[in-house]
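Place chain B on chain A using the hints.
In case you want the letters, here they are:
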Amino acid sequence: MDELKDIVLKYVTEEYLEADSDPITYDSPLISGGIVDSFSMVSLKRFLENKYNIRIPDGKATPEAFDSVNKIAVLVREFVKA
Amino acid sequence: MSNIDSYEERAKGFSWSVSENELGYRDGEIINIGWYCTDRVCEQGKASKLALVWEGHTGAEKRYTYNDIRLASNTIGAFLRGLGIQAGERVCLFMDKIPELYLGFLGILKIGAIAQPLFSAFGDESLFFRLSNAETSAVITQRKHALKVRKILDRLPHIKHIVIVDHDGVSPLKDREVAFSLEKAGPVERLDIHPTTAETPSVLHYTSGTTGMPKGVKHVHYSLISQYLTAKWVLDLRDDDIYWCTADPGWVTGTSYGIIAPFALGVTQCVMDAGFSAEAWYRFIEKRRISMWYSAPTAIRSLMKAGDEIIGKFDLSSLRHLASVGEPLNSEAVVWSQKVFGKPFYDTYWQTETGCIVISNYPGMEVRPGSMGKPFPGITGTILDPNRNEPYPFRGKIGLVALKFDWPSRMRTYWNNEEAFRKKFRNGWYITGDRARIDKDGYFWFAGRDDDIINTAGHLVSPFEVESALLEHPAVAESAVVSKPDPINLEVVKAFVTLKPGFTASKDLDLEIMNFVRKKLSPLAMPQEIEFVDSLPKTRSGKIMRRILHAREWDEEIGDTSTLEND
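Listed in order, the protein sequences are those of chains A and B. In this text, residue positions in the first sequence follow my numbering: the first is 817, and each later residue adds one. In this text, residue positions in the second sequence follow my numbering: the first is 2, and each later residue adds one.
Next comes chain A alone, as it looks inside the complex (with noise of 0.2 Å):
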């Protein structure tokens, strides 16, 4: 278990799904996938940022970046422990 996967996923979850969708797993793909678009991803890295306390970079969120709930724990462990 991984505690903040969990709360990515769950956000994501209640957030960008609906009700009776299929369940996403911490490897769904969430831009490619079309589950989150690219002007949701702002309100999911406000999220983040609210979140966690830190302030990832434009550069840095890119749709590689947020396409994942794994890929989006690389880069939040990235500016926490900054």
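Any given hint might turn out to be false.
To be verified - Simulated DEER-style distance windows between Cβ atoms: (1) A:896 with B:184: 33 to 39 Å; (2) A:873 with B:344: 30 to 36 Å; (3) B:312 with A:871: 46 to 52 Å.
As the list claims (entries may be wrong) - Derived DSBU-like pairs: lysine-lysine, alpha-carbon spacing no greater than 30 Å straight-line: (4) B:152 with A:861; (5) B:520 with A:821; (6) A:887 with B:152.
If you're looking for bench data, these hints aren't it; they were derived computationally from the structure. For glycine and all other residues, C-beta sits at the position ideal for the given N, C-alpha and C.
Relative to chain A, chain B alone:
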């Protein structure tokens, strides 16, 4: 040699009969877009030619020949008829870019109903307004989007059927829902095509305006005439092309040039139903050997941002011609594409209301980076003096982009809103809402909008709609929405908000309000930035002065503040 060959020669003595003759259409005869896009192409001997190659985000692939899309559109058309859908009724397509969206569009047209494609990311209020305003009879959708329809269904008495195209066969169907599977349905070899004529309504696209709610733009089957020829001469679509239009059919580009024109031309087109990623896009071009690519400035700028090195990993030599749509293509993007692809993106200018490209750059004509190009042959464009409502007698001055309203795919009206339609005209000229100037050689140069509409990533967002949504949040007292410059999307939505007593500005409230608007309207309409303020600039009569907020965001002169309250 390009299809258009010489723009100047084509423009001389131009008549739309060029297109009518190629399509074999005679004035007064039956013209049905669905038939032209499928049956006619088969009759031309292309039944076994690939029409549509679809790829999902997992890499799943589906391939359809022209005979396949003929049968599939017949099948969907027959199914809708079997439900009792009649000619003239509105049928909404509320799906991701899956094959049923494209095939369903054609099926709806074949039975003479009106296709109403809606962007699948629309929130329930955006969806409600459009379905209510159009008095839509049926919605074709997927399980994942059906919930949004269910949430608003009790307010939509006109909806008779919700057709679920990917029902699992197990979950209970809810009120007015019916399952339909293209794979399982027996193909319908022969469908009686409804005898639509030139002025029979075909497609209803909703577009946002500065004030008021979105307006339904009504198009007719005769629109095919200019959509066909503009695709042939501007996009230079040829019989052996592999075409990729990146636009979603929820928007007019995705129907005019993502369905109607390419299929009527009998071209093979590819569709990728996946979110944006530079790697995925380049891989798609390489894998599918895309030769003609019609995309949008936001995507192009995102590709620029991803860097040039990534391009070297892919073989993009198949690319023959590139074009862009949705917002002015900045000159840097044109120069960049010439550098990395060996050819420029040709900017094309048009609107939901115009139905087809009206001002453009053309193969064989000099591309001036940053220019909109010149009016399509047969289309009269000018720059109107806003004070006299007459064309300037000389070139070079910025004014209103105006067109003589007489090409085949011009909208016929706004749905149930003739008054708004009449307001689009001044002195007989159709006013696009954009400002531009014409240079000494006849090239048009975009100079901005003439109203407050926000063009974000090529899509129009109404500040009024966003403000109305903001006011529904329990914390918001007043709101003002303006555009804010953005390096990728050109403009994004920014909201200024005052709070009701008892509420305190915070990062969490900021995010809560963003998500509130996103779910109510759409991700495009979601403010990318919210600024909490103690008060909004107003006139002494209490009107919010958005232009002051806009000027600050764009670092422009604020102008006259003599009417500003508390100045």
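Here is what the structure says about each hint:
1. A:896 with B:184: 33 to 39 Å: Taking Cβ atoms as reference, residue 896 (chain A) and residue 184 (chain B) lie about 47 Å apart, which means the hint is violated.
2. A:873 with B:344: 30 to 36 Å: For residue 873 (chain A) and residue 344 (chain B) the Cβ distance comes to about 33 Å; the hint holds.
3. B:312 with A:871: 46 to 52 Å: Given a distance of about 30 Å, which is not inside 46 to 52 Å, the answer is violated.
4. B:152 with A:861: 28 Å, holds
5. B:520 with A:821: 24 Å, holds
6. A:887 with B:152: 33 Å, violated
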